[in-house]
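Chains as they are written, first to last, in my numbering: chain A, 1 to 223; chain B, 224 to 444.
Do not rely on the hints blindly, as some may be mistaken.
[What the hints assert, rightly or not] Label pairs and their in silico Cβ distance ranges: (1) B:V272 - A:R217: 33 to 41 Å; (2) A:D7 - B:I249: 53 to 61 Å; (3) A:I139 - B:D228: 46 to 54 Å; (4) B:P361 - A:R124: 29 to 37 Å; (5) B:G331 - A:K50: 31 to 39 Å; (6) A:K50 - B:I425: 24 to 32 Å; (7) A:Q11 - B:G402: 55 to 63 Å; (8) A:I115 - B:T403: 24 to 32 Å.
The set of hints was computed from the structure by calculation and includes no laboratory data.
C-beta: ideal position from N, C-alpha, C; glycine also.
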Amino acid sequence: MFDWRWDFTFQILPRLLWATVNTLLAAGIGYAIALVLGLVLALAQRTKVKPLTFVVREFVEFIRSTPLVLQIFFVFYVGPQFGIRLSPWTSGMIAIGLHYAAYLSEVYRAGIDAIPKGQWEACRALNLSMGRTYWRIVIPQALPASLPGMGNYLVGIFKDTPMLSVIGVAELMHTANALGSETYRFLEPYTLVGVIFLAISLPTAAGLRVFEAWVRRRLGMTR
Amino acid sequence: MSYTDFLAVHGGRLLSGAVITAEQTILAAILAVTIALIMGLMRLAPNLVIRGIATVYIELFRGTSLLVQLYWIFFVLPLFGVSFEKFTAGFVAVGMNLGAYGAEVVRGAIQSVPRGQYEASIALSMSPADRMRRIILPQAILIMLPPWGNLMIELLKGTALVALISVADLMFQARQINGTTFLSIEAFGSALVIYYIMARLIITPSMRRFELFMTRKMGRA
């Protein structure tokens with residue numbers, strides 16, 4: 001019953017650690033997509049074009065209230081129906097990037113909405129272009145408020161990467177499944193996956209807190 | 224095959240899947256709320272050991288993925304002599320995971336009840352249990368309801384993972400239909416829409432209504 005085997009543990013550990021690289025890669029690429037696309041989704045909701053605002057709003061709500069696994073399957077299987085074949089990696093990155101873009105757009109939106117109206121009026125009065133208003137005035141002030149949310153979703157995307165295993169992306173969970181079915185031992189692979197996740201997500205979360213405090217200090221926002 | 228034909232043939236399966244998803248959601252929600260209250264209160268206990276247990280639980284479940292926890296509960300726990308049926312393993316994993324997130328919400332809400340309320344109930348010489356039950360918790364519930372609305376949607380989404388241990392929920396049925404017919408847009412698309420309806424037209428409005436009800440009950444409407 002309680003037969004943890006250390007020799008087996010050390011035998012499978014290298015493979016799991018290699019798979020961890022893929023997991024981190026998937027999280028990194030997915031997050032990069034989400035950061036950019038999220039900004040696009042957030043800014044699209046601030047335009048004066050009512051139909052566009054409406055469609056983007058509903059799209060974000062739809063993505064946020066449906067399961068990520070299902071979205072991953074959707075992207076992976078729907079392409080071939082139209083003759084577009086996407087690799088597991090490509091469709092996984094599209095799905096997870098889009099999912100978190102929807103979440104991040106909400107973070108950005110809240111950050112931008114928190115900018116006092118006077119700041120916009122002052123930019124208007126100084127005849128700043130829209131681009132400069134955002135780049136020099138709005139975003140630098142919205143960023144510190146958005147950082148905690150952005151940090152949470154960075155850890156969140158990392159913890160959601162195991163879902164990519166369902167379409168065969170060779171990340172941590174997928175490797176653990178493979179090891180389990182090769183050796184009929186599930187105790188060590190699944191436990192190690194849990195330990196690796198803890199070992200990465202807890203320090204990352206702590207590091208992000210320190211980073212937030214540093215940014216606030218650098219921008220002269222005490223507290 | 225038109226979409227109406229698709230629904231005529233496979234609609235029943237999608238519906239039976241949706242029922243399982245609803246059951247999983249409700250059972251997991253009950254478990255999550257219970258765990259969240261217990262762990263949230265334990266996290267504020269003066270006793271170091273009790274506080275430690277709650278902290279370990281919360282960090283353990285928030286630091287790893289729901290999918291890892293689900294597989295661990297379903298495949299590894301039986302090795303320790305604790306085996307669940309897949310249906311039970313499904314909602315237990317989802318409930319325990321969301322319970323950890325909920326515990327932080329409960330803790331935050333209790334801590335944001337104004338300090339004067341504590342001091343007043345001490346001044347009135349209420350016992351700690353009375354103080355929590357009659358003064359602090361009712362006010363904390365009002366504060367914690369909006370974040371719970373979001374958590375409930377996360378919970379609904381989380382139940383989709385139980386399909387991976389072959390609980391025949393909505394996600395599972397969509398995969399089965401896709402596997403036999405290759406009508407991916409219809410199968411996965413319909414499932415997505417059903418999840419969306421459950422989240423936006425059932426969970427969100429009923430949480431809103433519950434919030435209103437509680438606000439009125441507290442006399443703050």
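Okay, the hints, checked on the actual structure:
1. Between V272 (chain B) and R217 (chain A) the beta carbons are some 36 Å apart, a value that agrees with the proposed interval 33 to 41 Å.
2. Range check, D7 (chain A) to I249 (chain B): Cβ separation about 45 Å, and the 53 to 61 Å hint is violated.
3. Between I139 (chain A) and D228 (chain B) the Cβ separation comes to about 51 Å, which falls inside the hinted range of 46 to 54 Å.
4. The hinted range of 29 to 37 Å is not satisfied by P361 (chain B) and R124 (chain A), whose Cβ atoms lie roughly 47 Å apart.
5. Separation of G331 (chain B) from K50 (chain A) is about 37 Å and conforms to the stated range, judged on CB atoms against 31 to 39 Å.
6. Taking the beta carbon of each, K50 (chain A) and I425 (chain B) are about 28 Å apart, inside 24 to 32 Å as hinted.
7. The hint said 55 to 63 Å for the Cβ distance between Q11 (chain A) and G402 (chain B), and at roughly 35 Å that hint is violated.
8. Distance hint check for I115 (chain A) and T403 (chain B): the Cβ-Cβ separation is about 53 Å, which falls outside the suggested range of 24 to 32 Å.
Consistency note: the structure conflicts with the earlier hints numbered 2, 4, 7 and 8.
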